[in-house]
Amino acid sequence: MKKSWWKALCIVMLLYTIIGGLLINVPRKAILNESIRNIYFHVPLWFGMMALCGASVFHSIRFLRKPDLVSDIKATSYASTGIVFGILGIITGAVWANYTWGKAWSNDIKQIGAAIALLIYAAYFVLRNSIPDIDKRARVGAVYNIFAFVMLLPALWIIPRMMESLHPGGMGNPGADPRDMDARMRMIFWPAAVPGFILLGVWISTVITRLRKIEDKNLLHA
Amino acid sequence: MNTFHHIRTLLKKDILLELRQQYTFYGVLLYVSSSIFLLYLAVEQPESHVWNGLFWMIQLFICVNAVAKSFLQETHGRMLYFYAIAGAQQFIIAKLVYNTLIMLLMSLISLLLFRLLLGNPLVNFWQFTGIVCIGSASLSFVFTMLAAIASKAQQQASLMAIMGFPVIIPQLLLLMRISKAGMGEAFQTGALSDMIWLLCGLDALVIIMAVILFPFLWKD
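Note that the protein sequences, when read in sequence, are chains F and Y. The opening position of the first sequence corresponds to residue 1 in the numbering used here, with each subsequent residue numbered one higher. The opening position of the second sequence corresponds to residue 1 in the numbering used here, with each subsequent residue numbered one higher.
Rather than coming from a laboratory, the hints here were simulated on the basis of the structure. Virtual Cβ for every residue (Gly too), placed ideally from N, Cα, C. One or more of the hints may lead you astray.
Quick look at which bits of chain Y chain F covers, simulated, 3 or more residues with Cβ under 8 Å [what the hints assert, rightly or not]: (1) 95-104; (2) 151-160; (3) 192-201; (4) 211-217.
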């Protein structure tokens, strides 16, 4: 029970995000109006995805340094949760874009970046499934995971700053523009929404890891 | 000194093999010319932005075909032999250089064929040629690394496309954007050189990643 304090924290943060995010006043802005509340859900999902994919790469690096199948299981669990967060991020973004920009998908550079990220992680799982040998699969998967993540970083962090975009914060910070939120919104966004969704992702990943450890018990203790 | 010697020897071996088994080289060459001829039949002489898009897509497919075979042709026994005589880093650097040379040659040939068959929307031919050289180098770096990864799995050719296309999208977008300079589009001062530097930075990143990660793929 002592170990699970962060799970309770995660639940509290997410409850605060959902209740506060839907009820507390927000600034009235043209076009955005009430849809600005989506910022509590859409943006933290991307923060969550980056954190989860980062954790996945961290475990891949650990696997290459010291081959241990548990690291490989952790890397895949974090990657799969990251994919789910990415898909949810795209859906919440598409709904939002549909009402504010007029259509769900407008080939915005950040939408393309999100699509690239999902394709890369889908390819990661296809690659893994095409290698029958377990140790080889883990090693080759780890190499691709690291390589693709490093190639993804400029696509998500550098190129969006150079090209015109519909998203706010272009030519500046592509993640979050401090000018868009007032003090009330920031009190929900930074202390609750972002860490809450990251903790939720970590929680789901640890559950998947534990399940996989039970499934692969024979391999791990052989 | 020893490292350079190893790289040079491995490179020489690849080039010699290419010169002796010319069917692979002519195979890729035929792939280039027949696909461009097919494009010519399909679209004849398109507008400049279509020309640009088609050109880079063809480069992408040429690269997958030309680079894929560089690891497929190495049998398991031969890899073991290289393992005994040279280091992993020397091996991957030799492959990177060799694939870049092949890809440069193929890109320049396809540029000439494009100009011959699909019309010439290029305002500044030499600038575009320079961009093509940078672009073909970037493509071949990325796909060399991916071919190394794919050679460890089954169904290598299709896997290379699945893994490679998402990874290459940022570079391709940058290339298509930059190459509009060769078609007479004006850029903000500094924007063009910024993008070219970013592309070179990405290339450097790919080479560094290849040198760091290849040793892990190598040992079986």
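Here's how the hints hold up against the structure:
For the stretch 95-104 of chain Y, the proposed coverage by chain F is not satisfied: 0 residues have a C-beta within less than 8 Å of a C-beta in that chain, short of the threshold of three. Requiring three or more residues with a Cβ within less than 8 Å of a Cβ of chain F, the coverage given for the stretch 151-160 of chain Y holds, as 5 such residues are present. Only when three residues or more bring their CB closer than 8 Å to a CB of chain F does the claim for the stretch 192-201 of chain Y stand; here the count is 4, and the claim holds. For the stretch 211-217 of chain Y, the stated coverage by chain F holds: 3 residues have a C-beta nearer than 8 Å to a C-beta of that chain, and at least 3 were required.
Checked against the numbered hints above, the structure violates only hint 1.
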